[in-house]
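Asks: Take a look at the letters that make up each chain.
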Amino acid sequence: MKRLALLLLALFSLSAAASTPEDRLSSVFQAIEANQPDVALKRVDSLIADYPNFRLAYLVRGDLLLARARPLETFGNVLKTVPEGRVADLREEALARLRAQRQRPADDRLPRYVLQLNKDQKNALVVDARRSRLYVYANEGGTPKLIADYYVTIGKNGIEKTREGDQKTPVGVYHVTANLPRKKLTDFYGAGAFPISYPNEWDRRQGRSGHGIWLHGVPSNVYSRAPRASDGCIVLANPDLESVSQRLQIGLTPVIIADEVEWVDRSALETERAGLAAEIEHWRADWQSRDSTRYLAHYSQRFSSGKENLAAWSAHKRKVNASKSWIKVNLGRVAMLRYPHESDVVVVTFDQDYKSNGLSNVMKKRQYWMKEDGRWKILYEGAA
Amino acid sequence: MLNSTAPRPSLRGGVLLLCVCAFFCAAVARADDVEDAQKLLKAGQSQQALERVNKALAANPKEPQARFLKGVILTEQGKQSEAIEIFTKLTQDYPSLPEPYNNLAVIYASQGQYEKARTSLEQSIRTHPTYATAYENLGDVYAKLASQAYGKALQIDASNTTAQNKLSLVRELVREPSAKPAAVAAASDTAKEAPKAAVPAATVAAVAPKAPEKPAADASGDVLKAVNGWAQAWSKKDASGYLGYYAKDFKTPAGESRGDWEKSRRERIGAAKSISVAIESPKVTMRGADQASVSFRQTYKSDKLTSKNRKTLELVKVDNRWLIKEEKAGK
Chain A
1 MKRLALLLLA LFSLSAAAST PEDRLSSVFQ AIEANQPDVA LKRVDSLIAD YPNFRLAYLV
61 RGDLLLARAR PLETFGNVLK TVPEGRVADL REEALARLRA QRQRPADDRL PRYVLQLNKD
121 QKNALVVDAR RSRLYVYANE GGTPKLIADY YVTIGKNGIE KTREGDQKTP VGVYHVTANL
181 PRKKLTDFYG AGAFPISYPN EWDRRQGRSG HGIWLHGVPS NVYSRAPRAS DGCIVLANPD
241 LESVSQRLQI GLTPVIIADE VEWVDRSALE TERAGLAAEI EHWRADWQSR DSTRYLAHYS
301 QRFSSGKENL AAWSAHKRKV NASKSWIKVN LGRVAMLRYP HESDVVVVTF DQDYKSNGLS
361 NVMKKRQYWM KEDGRWKILY EGAA
Chain B
1 MLNSTAPRPS LRGGVLLLCV CAFFCAAVAR ADDVEDAQKL LKAGQSQQAL ERVNKALAAN
61 PKEPQARFLK GVILTEQGKQ SEAIEIFTKL TQDYPSLPEP YNNLAVIYAS QGQYEKARTS
121 LEQSIRTHPT YATAYENLGD VYAKLASQAY GKALQIDASN TTAQNKLSLV RELVREPSAK
181 PAAVAAASDT AKEAPKAAVP AATVAAVAPK APEKPAADAS GDVLKAVNGW AQAWSKKDAS
241 GYLGYYAKDF KTPAGESRGD WEKSRRERIG AAKSISVAIE SPKVTMRGAD QASVSFRQTY
301 KSDKLTSKNR KTLELVKVDN RWLIKEEKAG K
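In order, the protein sequence lines correspond to chains A and B. Positions 1 to 384 (this note's numbering) are the ones given, in order, by the first sequence. Positions 1 to 331 (this note's numbering) are the ones given, in order, by the second sequence.
If you're looking for bench data, these hints aren't it; they were derived computationally from the structure. Some hints could be false.
In silico BS3-like cross-links for lysine-lysine, where the CA-CA straight-line distance does not exceed 25 angstroms [said to hold, decoys possible]:
1. A:Lys364 / A:Lys122
2. A:Lys42 / B:Lys308
3. A:Lys183 / A:Lys145
4. B:Lys236 / B:Lys317
5. B:Lys304 / A:Lys42
6. A:Lys365 / A:Lys319
7. A:Lys317 / A:Lys355
8. A:Lys42 / B:Lys39
9. B:Lys328 / A:Lys42
10. B:Lys152 / A:Lys156
11. B:Lys39 / B:Lys79
12. B:Lys116 / A:Lys42
13. A:Lys42 / B:Lys325
14. B:Lys301 / B:Lys325
Far from chain B, some chain A residues (derived; all Cβ distances over 10 angstroms) [said to hold, decoys possible]:
15. Asn35
16. Pro37
17. Tyr58
18. Arg61
19. Asp63
20. Asn77
21. Ala100
22. Arg130
23. Lys184
24. Thr186
25. Ala297
26. Gln301
27. Glu308
28. Ser323
29. Lys377
Just so it is clear, CB atoms sit at the ideal spot from N, CA and C, and this is done for glycine as well.
Given these sequences and hints, build the entire structure.
Replies: As structure tokens, this is what we get:
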């Protein structure tokens, strides 16, 4: 009997050690809902002992104590003399964290964006800006599997960054471009920083400006920041950033930032993926066939390579294709990521192995495909 | 009397009550010196009071009444560490007394040590779940702790408020408003300024134990019925029914007005999701045809709190109904 108790104790302490501060905060609220204020207070006290910079935990503690002295009027029942915004920040953080704990995506629901990862991309990050949440997906044979999710802070002024200094977080498909280790940064960035590829080709095309959008940590005197507090960066608690950083591959790991993640069934995702994959294959085969008309039919009227519009691109391609007696195109490591907040835009990257009489080269390429009148067309193409 | 002395819904201006009431139901033969010391303290002559109490202690060093009073005097003189020592020792020698815990808490709170104050007050209430002063103080301490927690949540420097608390304690160190017949006024330098403090309090510290009398068998049955009805109404959260068991001239626990008391009772009863009050081994003592006292062991359980304590109800017969005139903790 005693042994059993010890075993249970060991198991419990193991699971307690494994639970995150957010899990523990959630268990505090569970105790409150179960009408066990004493249990709640004990839990929050131990949470504070372990994470003395977790401000939200103090707010909950304040409420639990004040509730013993007098009836509470609100969550975060701080005196009116305190600037309302500061309490509101913590309330919103609490809401965001609790909502995420309680509304986890079901196993068969996936973000609509991760159509296909290439075999070298071990992970993909998806940010739900409205929910202040970052989801980490592992690449399981090309399709995503949720392995972790974290509370994040986004820009003070929300999302859809358009210009330098607007303190907004961009919406789009990006990837991490560098790893700035802690020792190269000030304390403000906490455990480290990972710049992402804003502004990308699509942003430039829309005339969006600004730079320096990073994933980074928090200063050492806080555990986390308010849901909307950064200048546009995506900010994680330092332990969370450390966990995420283990999974990041510079130049490879996609970071997809959505206003509100669209969730779809695995089968619907597969249908979309297969449809676009077939179009890409047609484009490759048509290019290889040297039938320029069929090949160029894959390009949108609004195509731009950044330097050339469709007319210039077509003229150039017709000339090159006509000069060839044979062309072989092979695509490898294809990834397809749907663009959030746009109707049917997918960012496709691949390794292009081009061989012909006269010229052969291997390059990394990025295309933006868009569905126009029910057919996938190329809007942008360039070196990745 | 549990809950009836529970924390009031509003904070009382951040004042912690320093309890100076005496605490023995079993009367201890009290030296005149102690009584004199109390009078001197009331008159603001704390040094002379200290001398008297030391004299009493020289004759009888274990005498708790004198030790307690010395603790109060030292507290008022600002000799906190000495006072803490005395009160701590009293809690060790008499762990069932709430007052030394309470006063320890007041000192800790004045030092800004709210966690320690909280522990002491919770112990005080554990010994006497009905102890009104401790509840009020605990309410204040919880509010202070809450404000510290909010300060940390919002990164506001809470040190200023701590300083203010300390000041307001010193300034408003008033006696407990006759919580019990045994209450003795606390004298402080500022007490004279407070009009309330000028009201003379009962000066005799101890209640003489009531000699048990033989209950009249038939009448005692009615008394018990009333007490059971009272406990049932309370358990049903029927505040009106419950309050209906109290006599018009019911002696409110902290000397508050009937209206205030009823309001706080209604709030407390309303705030609990569930209440169950069980009465065990009641003992009825008839004090004539129209007066009775009932002692019993009360088990109070609510969604917030569980407590067991002994309680005595003093009842009077009015218009053929037995009504509660006074509610006391202990026998």
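Asks: Now, for every hint given, state plainly whether the structure supports it.
Replies: Tested hints:
For the given pair, Lys364 of chain A sits about 18 angstroms from Lys122 of chain A by alpha-carbon distance, which is consistent with the 25 angstroms threshold. At most 25 angstroms may separate the alpha-carbon atoms for a hinted pair to count; Lys42 of chain A and Lys308 of chain B meet this at roughly 23 angstroms. Under the criterion of a C-alpha separation no larger than 25 angstroms, the hint pairing Lys183 of chain A with Lys145 of chain A is inconsistent with the structure, at around 33 angstroms. Between the alpha carbons of Lys236 of chain B and Lys317 of chain B the distance comes to roughly 24 angstroms, so the proposed pair stays at or under 25 angstroms and holds.
Of the supplied pair hints, the one linking Lys304 of chain B and Lys42 of chain A holds, its CA atoms being roughly 15 angstroms apart against a limit of 25 angstroms. Our distance criterion of 25 angstroms between C-alpha atoms is met by Lys365 of chain A and Lys319 of chain A, whose separation comes to about 21 angstroms. At most 25 angstroms may separate the alpha-carbon atoms for a hinted pair to count; Lys317 of chain A and Lys355 of chain A meet this at roughly 15 angstroms. For the given pair, Lys42 of chain A sits about 45 angstroms from Lys39 of chain B by alpha-carbon distance, which is inconsistent with the 25 angstroms threshold.
Of the supplied pair hints, the one linking Lys328 of chain B and Lys42 of chain A is violated, its CA atoms being roughly 32 angstroms apart against a limit of 25 angstroms. Among the hinted pairs, Lys152 of chain B with Lys156 of chain A is consistent with the structure: their alpha-carbon atoms are about 22 angstroms apart, no more than 25 angstroms. For the hint pairing Lys39 of chain B with Lys79 of chain B, the CA-to-CA distance comes to about 20 angstroms; that is within 25 angstroms, so the pair holds. This hinted pair checks out: Lys116 of chain B and Lys42 of chain A have alpha carbons roughly 16 angstroms apart, not beyond 25 angstroms.
Proximity of Lys42 of chain A to Lys325 of chain B is assessed by CA-CA distance (about 40 angstroms); at most 25 angstroms being required, the pair is judged violated. For the proposed pair Lys301 of chain B and Lys325 of chain B, the alpha carbon gap of about 24 angstroms is at most 25 angstroms, so the pair holds. For Asn35 of chain A, the requirement that its beta carbon stay farther than 10 angstroms from each beta carbon of chain B is not met, with the minimum near 5 angstroms. Chain B draws Pro37 of chain A into its interface by the beta-carbon criterion, the shortest separation being 7 angstroms against a cut-off of 10 angstroms.
The Cβ of Tyr58 of chain A sits about 4 angstroms from the closest Cβ of chain B, inside the 10 angstroms cut-off, so the non-interface label is violated. For Arg61 of chain A, the condition that its CB be more than 10 angstroms from all CB atoms of chain B is violated, with the nearest at approximately 4 angstroms. Residue-level check failed: Asp63 of chain A sits 7 angstroms from the nearest beta carbon of chain B, not beyond 10 angstroms. A Cβ of chain B approaches the Cβ of Asn77 of chain A within 10 angstroms, the least distance being about 8 angstroms, so the stated non-interface status is violated.
The claim that Ala100 of chain A is not at the interface with chain B holds, since no C-beta of that chain comes within 10 angstroms of its own (minimum 20 angstroms). For Arg130 of chain A, the condition that its CB be more than 10 angstroms from all CB atoms of chain B holds, with the nearest at approximately 24 angstroms. Distance to chain B confirms Lys184 of chain A as a non-interface residue, since its nearest Cβ pair spans about 27 angstroms, more than 10 angstroms. No Cβ of chain B comes within 10 angstroms of the Cβ of Thr186 of chain A; the nearest lies about 19 angstroms off, and the non-interface call holds.
Consistency note on Ala297 of chain A: stated as away from chain B, and its beta-carbon is indeed over 10 angstroms from all of that chain's, at 61 angstroms minimum. The non-interface label for Gln301 of chain A is consistent with chain B: the shortest C-beta to C-beta separation is roughly 56 angstroms, beyond 10 angstroms. For Glu308 of chain A, the condition that its CB be more than 10 angstroms from all CB atoms of chain B holds, with the nearest at approximately 54 angstroms. Residue-level check passed: Ser323 of chain A sits 69 angstroms from the nearest beta carbon of chain B, beyond 10 angstroms.
No beta-carbon of chain B is positioned within 10 angstroms of the beta-carbon of Lys377 of chain A; the least distance is around 53 angstroms.
When the structure is compared with the earlier hints, violations turn up for hints 3, 8, 9, 13, 15, 16, 17, 18, 19, 20 and for no others.
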